[in-house]
Amino acid sequence: MAMAEQERTFFEYLVYISENHSPLDFMLVADHIDKFFFGALLTLEITILSLLIGGVMAVPLAIARAYRTPWFNGPIWGFTYFFRGTPLLVQTYLVYYGLAQFDVVRESFLWGPILSNAWWCALITFSLNTAGYTTEFLRGAIENTPKGEIEAARACGMSQARMIWRIVLPSAFRRALPAYSNEVIFMLHSSVVLSTITLQDILGVGRWLNGRYYLAYEGFVTAMVFYMVLVFFISTGFRLWEKRWLGHLRPRDTADA
Amino acid sequence: MIKKKLTALGLAGMLALASGIATAGDPLRVGVEGAYPPFSWKEADGSLKGFDIDFAMEVCKRLNRECVLVEQEWDGMIPALLARKFDTIIASMSITEERKKKIDFTIKYYNTPAKLVSKANPGFEGTADGLNGKRLGVQRATTHQCSAEKLYPGAELVLYGTQEEVWQDLASGRLDAQLSDSLQAYEGFLALDAGKGFDFLGDAIDDIECQGVGAGFAVRKQDSALRDALSQIILDIRADGTYKAMNDAYFAVDIYGG
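Here the protein sequences come in this chain order: A and B.
Those letters in the first sequence? Residues 1 to 257, by the working numbering.
Those letters in the second sequence? Residues 258 to 515, by the working numbering.
In silico BS3-like cross-links for lysine-lysine, where the CA-CA straight-line distance does not exceed 27 Å:
no., chain 1, residue 1, chain 2, residue 2
1, B, Lys407, B, Lys359
2, B, Lys391, A, Lys35
3, A, Lys35, B, Lys357
4, B, Lys407, A, Lys35
5, A, Lys35, B, Lys358
6, B, Lys391, B, Lys453
7, A, Lys35, B, Lys359
So the derived list for chain B, only partly shown, Cβ under 7 Å to chain A, looks like this:
no., residue
8, Asp332
9, Ile335
10, Pro336
11, Arg356
12, Lys359
13, Arg397
14, Ala398
15, Gln402
16, Val415
17, Gln425
18, Ser429
19, Arg431
What the hints contain is simulated information worked out from the structure, not anything from laboratory work.
None of these values were measured; they are calculated from a predicted model.
For each residue, glycine too, the CB sits at the ideal point set by N, CA and C.
All chains should be modelled from the sequences, with the hints used to inform the complete structure.
So, in structure tokens, the structure goes:
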């Protein structure tokens, strides 16, 4: 017995400790860590793409809302109310399982390439969802443009369109930035919904691992660490961005002067 | 008023904790799933029905204890048992070596084989080669997830939280095939309108390592007295004809198995 103990390699020793004495079987996690990295790629892919699409959609929608454009204001309000007023999980289920119930949808040209595919269902729902939120806080930022800036733009003889493009939007983006960093982190957290429609995102891989080896928390703890690292990068990135864009709002650094 | 009630509840809770081990008069908390017809499903009014539920009720009656059914999502079933959310699992859980590392089982109460299901005449075989590159659905944390990964390594495995979701996606054409219990597949899908045009693909799979030796009730490892009592009740139910009555209410064949 003592001999056998000595002949054990360091790796076998680690496996033994991990399986028998560690509260968390870290060697099992290490064995499947590549799957978690692929899961992280999928999480980031969907989160980033939907933020891009939703963000691009939100700009014209927010302008139409802020200026109470006739015909558009009402429907856009309805759109944002629906997507902000219902849980993302329910919206995703509705698109993924709900639409599939209708023969019309299953026989349409959209079914094969897009709606039969969980990835596309998620991208569509997530994009619309984040577009709803972004529209509303961007609208708020546009409405809060200081009067002086608008009067200055008018005094310079700018047309309405030019004023929006050159003065109102850049200034609204700056003011919306802190709220947007929250939206990005919320989107990352909401992306766990992916695992409920068969996609292997970070949580999906965690649940796969738990399911495969009948574990309680190894998969969840690993997924948590992955999300925490991602949020760390996102919030650091936004802090640097805010420093650049909102530099004029900070008190002057007296040590430099 | 409410505060008083809460205090009373809190005291009762503490007393229950202090007394520790459950005695014969305490209710038996049974973990069930509720999304696996005809073994367990949920009626529109929220009540639970099915073979597993009937079995649980019969067991409680014979133990002379009240039954408290605790609904639990499948992939959290074993962790919830270990966390003492309930005392036993009666939810068609197969007795396998992998699970026995964590929990203990009674003797089996039924045993039915697992089979693949696909469109009738799908144009591929139910083999490792045939399923290569095909989308194969299974419910997460089941014996079928284990078998699917082992027997069809080339298939694209698609994981679901419940078996009902697997059927939905097989019917809508998102899956090429799925692997599950053959009896549940027949009663819960193939015999229904939704399952028209679908059929079993190949024979029962042969994989005792993943599939185990039938379904049993699960208990925590230290609860061997409860385990033995439950095993004895299964034998009694089988012997005195109660089993046949419960079986025949749902199935045309005897599901006890060999």
